[in-house]
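Chemist: The lines below spell out each chain.
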Amino acid sequence: MPKITYVEPGGQAHVVDVTAGSSVMQGAVLNGVPGIDADCGGACVCSTCHVVVDRSWLQKLPAIDDDEDATLELVDDREDNSRLSCQLTVDEHLDGLIVHLPESQG
Amino acid sequence: MANYILNTWYPLTWSRSVSHELGKHRILGQDVVVYRTSGGAVTAMEDLCPHRFLPLSMGKLKGDSIECGYHGMTFDCTGTCTRVPGQDIIPRTRVRTYPTHENMGLVWIWMGDESLADPDLVFDLPQYHDPAWSSVEGDALRIEADYLSLADNLCDPAHVSFVHQTTLGNVASEDVPIEHEVSENKIVTWRWINDAPAIPLFEKYGNFEGNVDRWHYYHYLVPSIAIIDFGSAPTGSGAQDGNREGSMQIYACHFMTPVDEHTSIDHWMHIKSFSADESTNRALSDDFRIAFQEDKDILEAIQLNELKHPNRKKVRIAIDGAPTQMRRMVKKLIDEEANNPTAIAANLSSPALV
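For the protein sequence lines, the chains are G and U, in the order given. Numbering of the first sequence is given in our numbering, commencing with residue 1 and proceeding in unit increments. Numbering of the second sequence is given in our numbering, commencing with residue 1001 and proceeding in unit increments.
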């Protein structure tokens, strides 16, 4: 299974085996990684599964579509490498992905 | 100040409410005086005398002209000043008039660029004119809520299971997921609830013996029209595959007038695939009246809380998908109009509903 690394704001890293076909959001929520709320359950509506993608991975991800871009506008501390983790589907190409969790999902 | 799409036809009021006397209306935050000329045409004019700004609706209709209630300045139905009592020279001032058109029992008004007002773009539902269907006009329900909150509600089949349990919904649908699809100027939100008890409305007016397969398609046509297509068929009759034999279908139509940013008017009517006598139609309207009053109570209570907590963020859940897309669509069209004043928001004349 692809391994995804979730890094908390304090630096603590969680390396999780995530089933291919599920989302980076699900990988965190189903494995007890703190810091991702996913209020809307993965419908690209709420922006509370915000992650900041490690720069080394930025080019390897699919582009942000209009919906994700509009929903990301709800995030207070959006960065140029911000993504919604519900929109990132895990497959073997994402094995080793590193995402940073924001201070809050407010 | 709220922003609105301007280049589109908005429902203003029921045709039955406009007569040869001055009526005061408000739409998109603007006051409009409306009357029917002796020839039957509907005139809509800015409700403001250019002299001292008295609302013209406080004046008198003289023939087909309005005489201001303060000094008698008179304006014909094109808004042209035709008389100033006590003087011979008449100012070249003109009161702004707005194009209107009547269809489906409603007066529609164009608040944008007059040269773009094409009556062919006025919304029409072909079933309204079809003798095999029966149409019943409802009320003009005034709701103290922004029309986009009402539109939220009309892009949202999920609330029906909880809000309208005596009429339009029941618990069978609580956990059935909702789908939506966005296309040009339109959002459809829907779900099928199969092999479930009929909703109270169809229990009452239908004669289904067992469970039904039922559909709820919410067609939102930007900015202020929602057509709710809902119906039931005997379970297993293949309704979801297109066989509507033995089914009952109703279009609950909502024509929303954005009065201003805190008020809207829901002009509702129902158009159904079966005929009924007058007392049944009245009873059906009464059921809709109960349901829409429930929505009004909720939307007004929400607005009061929104005004109390202007900076508080709302939690967003999955069923907010379509309402979120709806608001994005409205905003995008407002922005487009700001960049291109001749953009026309919507061609709504013949939407494909199914």
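In case anyone wonders, no lab produced these hints; they're calculated from the structure. It is possible that part of the hints are untrue.
FRET-style restraints, in silico, Cβ to Cβ [as the list claims (entries may be wrong)]:
#: 1; chain 1: G; residue 1: E73; chain 2: U; residue 2: I1290; range: 23 to 33 angstroms
#: 2; chain 1: G; residue 1: A20; chain 2: U; residue 2: E1144; range: 29 to 39 angstroms
#: 3; chain 1: G; residue 1: L74; chain 2: U; residue 2: N1340; range: 19 to 29 angstroms
#: 4; chain 1: G; residue 1: G41; chain 2: U; residue 2: P1310; range: 21 to 31 angstroms
#: 5; chain 1: U; residue 1: E1114; chain 2: G; residue 2: E79; range: 40 to 50 angstroms
#: 6; chain 1: U; residue 1: D1139; chain 2: G; residue 2: E79; range: 46 to 56 angstroms
Model, not experiment: these values are computed from the prediction. Don't be surprised by glycine CBs; every beta carbon is placed ideally from N, CA and C.
Chemist: Which of the numbered hints are not met once you compare them with the structure shown?
Modeler: The structure conflicts with hints 1 and 2, although it agrees with all the remaining ones.
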